[in-house]
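Knowing the structure of chain W, use the given hints to seat chains E, A, F, C and X on it.
The lines below spell out each chain.
6 protein chains.
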Amino acid sequence: MAEQSNAVARLDRRGDHHQAPPYYLPAADEVALFEQCHHNKLAVMLKGPTGCGKTRFVEHMAWRLRRPLITISCHDDLSASDLIGRFLIRHDGTVWQDGPLTTAVRSGAICYLDEVVEARQDTIVVLHPLTDYRRQLPIDKTGEIIDAAPGFQLVVSYNPGYQRMLKDLKPSTRQRFVALDFDFPPPDREAQIVAQESGVPDTTARALVELAHKLRALRDRGLAEAPSTRLLVATAHLAARGIPVKRACQVALVSPLSDDASLLAAMNDLVELTFP
Amino acid sequence: MAEQSNAVARLDRRGDHHQAPPYYLPAADEVALFEQCHHNKLAVMLKGPTGCGKTRFVEHMAWRLRRPLITISCHDDLSASDLIGRFLIRHDGTVWQDGPLTTAVRSGAICYLDEVVEARQDTIVVLHPLTDYRRQLPIDKTGEIIDAAPGFQLVVSYNPGYQRMLKDLKPSTRQRFVALDFDFPPPDREAQIVAQESGVPDTTARALVELAHKLRALRDRGLAEAPSTRLLVATAHLAARGIPVKRACQVALVSPLSDDASLLAAMNDLVELTFP
Amino acid sequence: MAEQSNAVARLDRRGDHHQAPPYYLPAADEVALFEQCHHNKLAVMLKGPTGCGKTRFVEHMAWRLRRPLITISCHDDLSASDLIGRFLIRHDGTVWQDGPLTTAVRSGAICYLDEVVEARQDTIVVLHPLTDYRRQLPIDKTGEIIDAAPGFQLVVSYNPGYQRMLKDLKPSTRQRFVALDFDFPPPDREAQIVAQESGVPDTTARALVELAHKLRALRDRGLAEAPSTRLLVATAHLAARGIPVKRACQVALVSPLSDDASLLAAMNDLVELTFP
Amino acid sequence: MAEQSNAVARLDRRGDHHQAPPYYLPAADEVALFEQCHHNKLAVMLKGPTGCGKTRFVEHMAWRLRRPLITISCHDDLSASDLIGRFLIRHDGTVWQDGPLTTAVRSGAICYLDEVVEARQDTIVVLHPLTDYRRQLPIDKTGEIIDAAPGFQLVVSYNPGYQRMLKDLKPSTRQRFVALDFDFPPPDREAQIVAQESGVPDTTARALVELAHKLRALRDRGLAEAPSTRLLVATAHLAARGIPVKRACQVALVSPLSDDASLLAAMNDLVELTFP
Amino acid sequence: MAEQSNAVARLDRRGDHHQAPPYYLPAADEVALFEQCHHNKLAVMLKGPTGCGKTRFVEHMAWRLRRPLITISCHDDLSASDLIGRFLIRHDGTVWQDGPLTTAVRSGAICYLDEVVEARQDTIVVLHPLTDYRRQLPIDKTGEIIDAAPGFQLVVSYNPGYQRMLKDLKPSTRQRFVALDFDFPPPDREAQIVAQESGVPDTTARALVELAHKLRALRDRGLAEAPSTRLLVATAHLAARGIPVKRACQVALVSPLSDDASLLAAMNDLVELTFP
Amino acid sequence: MAEQSNAVARLDRRGDHHQAPPYYLPAADEVALFEQCHHNKLAVMLKGPTGCGKTRFVEHMAWRLRRPLITISCHDDLSASDLIGRFLIRHDGTVWQDGPLTTAVRSGAICYLDEVVEARQDTIVVLHPLTDYRRQLPIDKTGEIIDAAPGFQLVVSYNPGYQRMLKDLKPSTRQRFVALDFDFPPPDREAQIVAQESGVPDTTARALVELAHKLRALRDRGLAEAPSTRLLVATAHLAARGIPVKRACQVALVSPLSDDASLLAAMNDLVELTFP
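Residue numbers (the UniProt record's numbering), protein chains in the order written: chain W, 1 to 276; chain E, 1 to 276; chain A, 1 to 276; chain F, 1 to 276; chain C, 1 to 276; chain X, 1 to 276.
If a hint is listed, it holds; no wrong ones were tucked in.
Any copy will do: because identical chains look the same in the list, a pair fits if it lies in one copy or spans two.
Here are the simulated BS3-like pairs of lysine-lysine, each with C-alpha atoms no more than 25 Å apart in a straight line: (1) K47 - K170; (2) K47 - K246; (3) K170 - K214; (4) K214 - K246; (5) K41 - K246; (6) K170 - K41.
Keep in mind that the hints were calculated from the coordinates and are not lab data. Bear in mind that the values here come from a model prediction, so they are computed numbers and not experimental data.
Just chain W, same shape as in the assembly (with noise of 0.2 Å):
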């Protein structure tokens, strides 16, 4: 049991409750209604663009609900293994190694797979018994079925703007959640964070907020995703340490986001807009 607790203190680094409770500002009713999910044992999506909060939303949650939390990012060759655990072979025998969703099943932490999508059908279907009212994870390898600990929930975040070939998830697993939509905050509030965390002034934050509306807006010209809060931050960052905003805002907003020379051509034209 103790071996247990370390194991999540290790994974989790949002456990120490004493802390601050990490930076959230709530947008409508989330907090409320994932806290009735909780309590109800139902898993979570949170549906939203990258970098519009899903990630500090799930943090913030942990720590008001008191619960260790568990990160897995999602990717192609991630294996129901790299989930559940596996055997390794030491010198000595073969022992058996949680992985993260099992110490989260055990421990009755939250557990959080950012990009769900990204993963294989094979780890995505042992979610299943986990998101209906068995709320157990079948271990195949050892034989063992473990009861999730009260507490544990699953919460998956899931980005439907992002077009994938041929991978989505399938009706049988999206019927498992409920889905929390999630949308780049208002522009007063986007403002605030994006002064608040880089130190410029709120009259050079409100301008880049007003870029960045204008830029979302060419996504139906063919941007592939919008620029996020986040690119918003690191541009005001470069600002307050003295470099041009102008410059700024080409280096930390806009090439990153397209190689197409049209495309950036209209952007810098916005740029130049802003900042004249």
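Chains E, A, F, C and X alone, transformed into the frame defined by chain W:
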């Protein structure tokens, strides 16, 4: 033999027959049909949409027939070894470990392969000699052939409504099963389930079921899969805990079903109509 | 040598020749042809639809020729090592373990590869030197070449009616077999089998066979494969245990064959016509 | 060295030169050409259809040249390690085990790669330094370079009539071989072979050869490959054991060649014409 | 800790800060921008064609910022384990070995991923938590989460001009970097570099740069990539050692760029024009 | 160090500089160009058709420059580990074994990668840091970075005339080499080589070369690759041993080049014309 029954006990969470039976309200003659299949040693295929109660039915039948139940969720990477077993290398030698199918065959359990069509062909083909008059499981790796213990029965589930690319059950596999068709329960019974599991008043439960029927009609307009009874119960749970029912429908019933803006709008209109 | 005969006994469930012969009613001259192939050391290919009695025929012939029978179900992932054998790493060294084909070659058994076309090319190619005048099995991993013991015979089955993408037997493989064609038994004999195996009255058995012939005619309208005698027997089993015969036809004869609504309707109409 | 000759003896079943020579009736100057290639250290490619005697020819030449013969059947999954050798992990350490090609190179054997085009490119490329003036086999895994012993010769077979998707020998590989063309024997000689190997009377043998010529003409109408002399011998074997010759033609000559109904009908008509 | 600094010293060949700085002539404000990114803990993406000085720039900045530099060349088969580390099985047990990224994270080095777009998605996704406010590297296999040491910075390079099939950086990855654009140096500076590195006279260097500009204009006519400064230096090296400059251009500047006969002719015409 | 020179000696069969130089007749200034590249530490790419003498040229240059030569035949499955080295598990622990590239880098050998375009990208990319000013080989698995010893040079060969699907050298790789173009020798010199290596009279050798020129002209009519000097020498060898020259042309010059009936007829017509 003690080891064998331990393995079953470890894999079967429904094995305690002193417990109350798993809640299941029969729709037609499926209980009698299943019992006759069991007594005639015929394998059964449960056909029907996600979340319409197939898993519950199997659990109920296992309880009713006093058989242990071993459930396996199928997926793309489920190998024959995952079902049958493998050699484990240990520091003191190599030991054979039965997989869940082998455990079921040896102990006379009901073995339930959920979403069998997701499994690879090599996994499905090992089921063949278990589903004809032979009732045998050959284990190539040990050179052993196991006769199924009395009471062993193979059950698979299959969702014919969900289109898969390239994947389908081969006719030579299909012909090895008696097929029982499942569908969502009729309105009255579905409302009864929703009210009983969530605690919402009957009027709310009936309204939710009415809404579900309207949403299911959207399948012709591109909805990949109809909302399940499970989604209705999740929605009702949130409503029972103080979330406004319209909001609960948005996050637990509508948003999980699609990312398509026009489909989402159509679904939210139906919510508005039902809970004005 | 004692070890060898143990391996055969473990793999061959038909090996006890004091038992009654496996039930098989010859259709034409297939028994005589098979016997001549056996005595001339010619490999045999059984061509025919699923469930028409190919496996039973091989079991019958093995009993008749007093040869052990080793059966291997082929599939996509069946590797040459699965057939031939492999080195097992044990704590006290590495030992070679014969695969089922090697056991058959050493012991002069009949080796039956069911649905051979499903296997990979590298698996099929190992059969080549066993099917010409050499009658040898080279084992690359041990550098051994085994001469087939007297009585060894290779038999494969193959369903020409089932279309596979890209997969087919190479002409250089096909030319290594004498091909015996199988089909469903003629009506009278099929009715006799159905009645004898299930216990239904002769009139019911004949009506079921009549229905099967009508259903088999639907293959031109898109039915992937004709209903087998095995399906008729399953249907009759249910009818013999009190399930109404029309309902038994629906779950055991019609529903397993297709998910297509119009095909299912057409088939159920035929059931209605046969059992009004 | 004793170990080396043991390895060759184990792999070479034609190595006992006190035995009678393998039966082979030369068609043209292929024996002289092969001998000159052998003495000039030139690799040889045998081009021709399935079952026309390529393997027998190599066995005959090995006997004639007093060289051991090592035969390797190529296929999709034949890896370079299968040819060259591998490290085996044993409980008392790791030992290198020569593959059949390495054994041939060290011992000056004739190494015959049957159906070489089926092998993977990485397998074929290891042959390159053995087929030019270098006559060396580099073994990457041990860092060794072996000079071919005197008498070593590489022989490959290749069926140009069988169409493969995407697979072909690279020009840089083809140019490393002298190519000897093989075909079915002329009618008189083919009838002589059929009679001698099966024991049927000369008139039957000649009729079978006449039939084969008509069947081979069907290649323009879609027959994937012409019936081989081997098929004729199998047919004759059955006829010699009492199976009516027409029936023997159906099961051993026609049915193995195709599953196409119209081709089968056309072929059976030709059987009818030949044996009315 | 001593072990850690040994690992860095072994991986970082620019770590000796008593050495002269790597030669780098700034083109614009890239040095100041990089320094601000470094101080604001922002990851940097260097965009530009092959051979225009991106690698040199990173080496220069590492020297300037007094940080160790660890360089990783990305490719198709670079796995997450190659970056993060793996367990090594040794005869006396299993030990964990940090990969180069982990070493950089622990030691506060600059980690430079050259041609990052070539790597697999699972490799790229491990960079995500290092590039936002978390600055953490989770190591799934040990269950450890490492906070990046002060001074750690992630730098990637990327050639937007080279078209790749199917491969591209995901928007959610791109948005994690500040992007600095690189291009070939202006003519005067490029001539200065060519003369200084090769020893050819200034007139020759200027003529070579003039030729390169004409060749780069051929990109619209199908040249896959523009000749780099590196190619000019190689050409000049040969010219400085007595190879006629026209011949040096043919072998070191023209022939490496294409196999297309008409493109080669067009390029050789330009050589002729420049060095008549 | 003694171990290192043993490794080189084992891999380099041309290392004995007391031997006569490998026979090579220069075509133009390729010897001088190669020497200058060697002294300027420039990597070299040899472009030209199969069998035109590229391998001989490298062997000659290694002898001339008194460098050991290590040759690696590239293919689809050549992995980076095959070049660089791997850990071998032995019963007494794990030892690192240098691959051939690492041996070349450590010992200052010429490393020749034959048909480099056949290798996988991950294999090619490890060459990059060896081909610019760094001259380093990073070994990820040991965390070591090796500086190339003086005299180390990378040489690759490449056949631009042979069309590969999807495979090509990336521009960023091509730009790392000086390219020397090779072609078949001019008629007089080719005849001289044929006569000298085979022993046929000069008139026969000249006639064979004349025939080869006519055959090479067929490349526009679909011949995949021109007949090499190597094929001419093989043909001449057979002619010198008594095979009629026309027959020798058929088996050693025409038949290896194609399976296409009309191309074979056209080529045999040319043989007939040359040797009536």
